[in-house]
Amino acid sequence: MTSERDEIFMRRAIEYAARGIEAGQTPFGACVVLQGREVASAHNSVWRDTDITAHAEIQAIRLACREVGSVQLTGAEIYSTCEPCPMCFAACHWAGIRRIVFGARIADAAAAGFHELPVSNRQLAEAGGSRIELVEGFLRDECVALFERWRARPDRRAY
2 MTSERDEIFM
12 RRAIEYAARG
22 IEAGQTPFGA
32 CVVLQGREVA
42 SAHNSVWRDT
52 DITAHAEIQA
62 IRLACREVGS
72 VQLTGAEIYS
82 TCEPCPMCFA
92 ACHWAGIRRI
102 VFGARIADAA
112 AAGFHELPVS
122 NRQLAEAGGS
132 RIELVEGFLR
142 DECVALFERW
152 RARPDRRAY
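In this note's numbering, the protein residues as written are 2 to 160.
Hints in this document: simulated from the structure, not taken from any laboratory. For every residue, glycine included, the Cβ atom is placed at its ideal position computed from N, Cα and C. Heads up, some of the hints might be wrong.
To be verified - Quick list of simulated restraints, FRET-style, between CB atoms:
no., residue 1, residue 2, range
1, Ala128, Ala108, 33 to 41 Å
2, Gly37, Ala159, 32 to 40 Å
3, Ala91, Val136, 17 to 25 Å
Using the sequences and the accompanying hints, generate a full structural model.
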(Lines of atoms letter the chains of each structure in order from A and count residues from 1; the text may use other names and numbers.)
(Lines give C-alpha, C1' and ligand atoms only; values in the text may rest on other atoms or scores of the structure.)
Protein backbone atom coordinates (compact mmCIF):
# COMPACT_ATOMS: atom_id res chain seq x y z
CA MET A 1 0.00 0.00 0.00
CA THR A 2 1.36 3.42 -0.93
CA SER A 3 0.65 6.94 0.25
CA GLU A 4 1.25 10.57 -0.58
CA ARG A 5 4.32 10.36 1.68
CA ASP A 6 5.65 7.53 -0.50
CA GLU A 7 5.31 9.74 -3.55
CA ILE A 8 7.29 12.54 -1.90
CA PHE A 9 10.21 10.25 -1.05
CA MET A 10 10.19 8.42 -4.39
CA ARG A 11 10.27 11.76 -6.16
CA ARG A 12 13.32 12.58 -4.05
CA ALA A 13 15.00 9.38 -5.31
CA ILE A 14 14.04 10.34 -8.88
CA GLU A 15 15.54 13.81 -8.33
CA TYR A 16 18.83 12.26 -7.20
CA ALA A 17 18.88 9.88 -10.16
CA ALA A 18 18.45 12.89 -12.46
CA ARG A 19 21.34 14.63 -10.70
CA GLY A 20 23.45 11.54 -11.30
CA ILE A 21 22.60 11.48 -14.98
CA GLU A 22 23.57 15.16 -15.30
CA ALA A 23 26.86 14.39 -13.51
CA GLY A 24 27.71 11.67 -16.03
CA GLN A 25 26.72 8.81 -13.76
CA THR A 26 24.06 6.16 -14.22
CA PRO A 27 20.26 6.56 -13.82
CA PHE A 28 19.74 5.30 -10.29
CA GLY A 29 18.69 7.19 -7.15
CA ALA A 30 17.70 6.25 -3.61
CA CYS A 31 16.28 7.90 -0.50
CA VAL A 32 16.44 6.45 3.05
CA VAL A 33 13.65 7.46 5.43
CA LEU A 34 13.64 6.83 9.17
CA GLN A 35 10.72 7.71 11.42
CA GLY A 36 9.04 9.59 8.59
CA ARG A 37 12.03 11.82 7.87
CA GLU A 38 14.52 11.76 5.01
CA VAL A 39 17.88 10.75 6.47
CA ALA A 40 19.91 10.45 3.28
CA SER A 41 19.56 10.50 -0.50
CA ALA A 42 22.12 9.62 -3.13
CA HIS A 43 22.66 8.67 -6.74
CA ASN A 44 24.83 5.98 -8.21
CA SER A 45 28.48 7.07 -8.38
CA VAL A 46 30.21 3.97 -9.74
CA TRP A 47 32.13 5.86 -12.42
CA ARG A 48 32.99 8.91 -10.30
CA ASP A 49 34.29 6.79 -7.41
CA THR A 50 35.78 3.97 -9.52
CA ASP A 51 33.83 1.67 -7.19
CA ILE A 52 31.52 -0.98 -8.61
CA THR A 53 29.68 -1.09 -5.24
CA ALA A 54 28.79 2.63 -5.30
CA HIS A 55 25.15 1.95 -6.21
CA ALA A 56 22.56 4.54 -5.17
CA GLU A 57 21.14 2.33 -2.42
CA ILE A 58 24.58 1.56 -0.98
CA GLN A 59 25.54 5.24 -1.08
CA ALA A 60 22.28 6.28 0.63
CA ILE A 61 22.66 3.55 3.28
CA ARG A 62 26.26 4.63 3.96
CA LEU A 63 25.18 8.25 4.41
CA ALA A 64 22.20 7.28 6.57
CA CYS A 65 24.36 5.12 8.84
CA ARG A 66 26.78 8.01 9.32
CA GLU A 67 23.87 10.36 10.02
CA VAL A 68 22.39 8.14 12.74
CA GLY A 69 25.77 6.93 14.03
CA SER A 70 24.98 3.24 13.64
CA VAL A 71 25.15 0.44 11.10
CA GLN A 72 21.56 -0.39 12.04
CA LEU A 73 18.73 1.45 10.31
CA THR A 74 16.07 -0.63 12.03
CA GLY A 75 12.61 0.25 10.80
CA ALA A 76 13.83 2.49 7.96
CA GLU A 77 12.42 2.54 4.47
CA ILE A 78 14.33 2.96 1.23
CA TYR A 79 12.93 4.39 -1.98
CA SER A 80 14.80 3.35 -5.09
CA THR A 81 14.23 4.28 -8.70
CA CYS A 82 15.07 0.71 -9.67
CA GLU A 83 14.66 -2.66 -7.99
CA PRO A 84 17.77 -3.16 -5.86
CA CYS A 85 20.32 -5.62 -7.18
CA PRO A 86 21.16 -8.61 -4.95
CA MET A 87 24.04 -6.69 -3.31
CA CYS A 88 21.82 -3.73 -2.47
CA PHE A 89 18.97 -5.96 -1.29
CA ALA A 90 21.40 -7.73 1.07
CA ALA A 91 22.65 -4.37 2.39
CA CYS A 92 19.04 -3.34 3.08
CA HIS A 93 18.45 -6.63 4.92
CA TRP A 94 21.62 -6.32 7.00
CA ALA A 95 20.88 -2.69 7.90
CA GLY A 96 17.44 -3.64 9.21
CA ILE A 97 15.49 -1.71 6.59
CA ARG A 98 11.87 -2.82 6.87
CA ARG A 99 10.48 -1.65 3.53
CA ILE A 100 11.78 -1.23 -0.03
CA VAL A 101 9.74 0.85 -2.47
CA PHE A 102 11.02 0.72 -6.04
CA GLY A 103 9.94 1.86 -9.49
CA ALA A 104 11.69 0.20 -12.42
CA ARG A 105 12.52 -3.50 -12.36
CA ILE A 106 15.86 -5.27 -12.72
CA ALA A 107 14.70 -6.30 -16.22
CA ASP A 108 14.37 -2.61 -17.14
CA ALA A 109 17.99 -2.00 -16.11
CA ALA A 110 19.10 -5.01 -18.14
CA ALA A 111 17.15 -3.75 -21.15
CA ALA A 112 19.00 -0.41 -20.84
CA GLY A 113 22.33 -2.25 -21.08
CA PHE A 114 23.29 -2.96 -17.47
CA HIS A 115 24.81 -6.37 -16.65
CA GLU A 116 22.18 -7.41 -14.12
CA LEU A 117 21.65 -10.69 -12.31
CA PRO A 118 18.05 -11.63 -13.14
CA VAL A 119 17.06 -12.30 -9.53
CA SER A 120 14.12 -10.31 -8.19
CA ASN A 121 13.86 -8.90 -4.69
CA ARG A 122 10.85 -11.15 -4.13
CA GLN A 123 12.98 -14.20 -4.99
CA LEU A 124 15.78 -13.00 -2.68
CA ALA A 125 13.36 -12.36 0.18
CA GLU A 126 11.76 -15.78 -0.21
CA ALA A 127 15.07 -17.65 -0.55
CA GLY A 128 16.64 -15.84 2.39
CA GLY A 129 13.61 -15.65 4.66
CA SER A 130 13.79 -11.84 4.73
CA ARG A 131 10.81 -9.98 6.15
CA ILE A 132 11.44 -6.83 4.14
CA GLU A 133 8.17 -5.47 2.78
CA LEU A 134 8.38 -4.89 -0.97
CA VAL A 135 6.39 -2.28 -2.87
CA GLU A 136 7.07 -2.92 -6.54
CA GLY A 137 6.55 -0.71 -9.57
CA PHE A 138 5.82 2.55 -7.72
CA LEU A 139 5.94 5.51 -10.16
CA ARG A 140 7.38 2.97 -12.59
CA ASP A 141 6.87 5.02 -15.77
CA GLU A 142 8.81 7.96 -14.33
CA CYS A 143 11.58 5.67 -13.14
CA VAL A 144 11.84 3.88 -16.50
CA ALA A 145 11.97 7.30 -18.21
CA LEU A 146 15.27 7.91 -16.36
CA PHE A 147 16.84 5.14 -18.45
CA GLU A 148 15.71 6.88 -21.64
CA ARG A 149 17.08 10.19 -20.41
CA TRP A 150 20.40 8.49 -19.63
CA ARG A 151 20.48 6.64 -22.98
CA ALA A 152 20.14 9.97 -24.80
CA ARG A 153 23.51 11.09 -23.42
CA PRO A 154 26.51 10.50 -25.69
CA ASP A 155 28.75 10.01 -22.62
CA ARG A 156 26.61 7.25 -21.05
CA ARG A 157 28.41 4.19 -19.70
CA ALA A 158 26.79 1.06 -18.33
CA TYR A 159 28.54 -1.57 -16.25
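Checked hints:
Remark: the range hint 33 to 41 Å for Ala128 to Ala108 is contradicted by a beta-carbon distance near 18 Å. Against the hinted window of 32 to 40 Å, the Cβ-Cβ separation of Gly37 and Ala159 comes to about 35 Å, which satisfies the hint. Restraint check, Ala91 to Val136: a C-beta distance of roughly 19 Å satisfies the suggested window 17 to 25 Å.
Comparing the model with each numbered hint stated earlier shows that hint 1 is the single one that does not hold.
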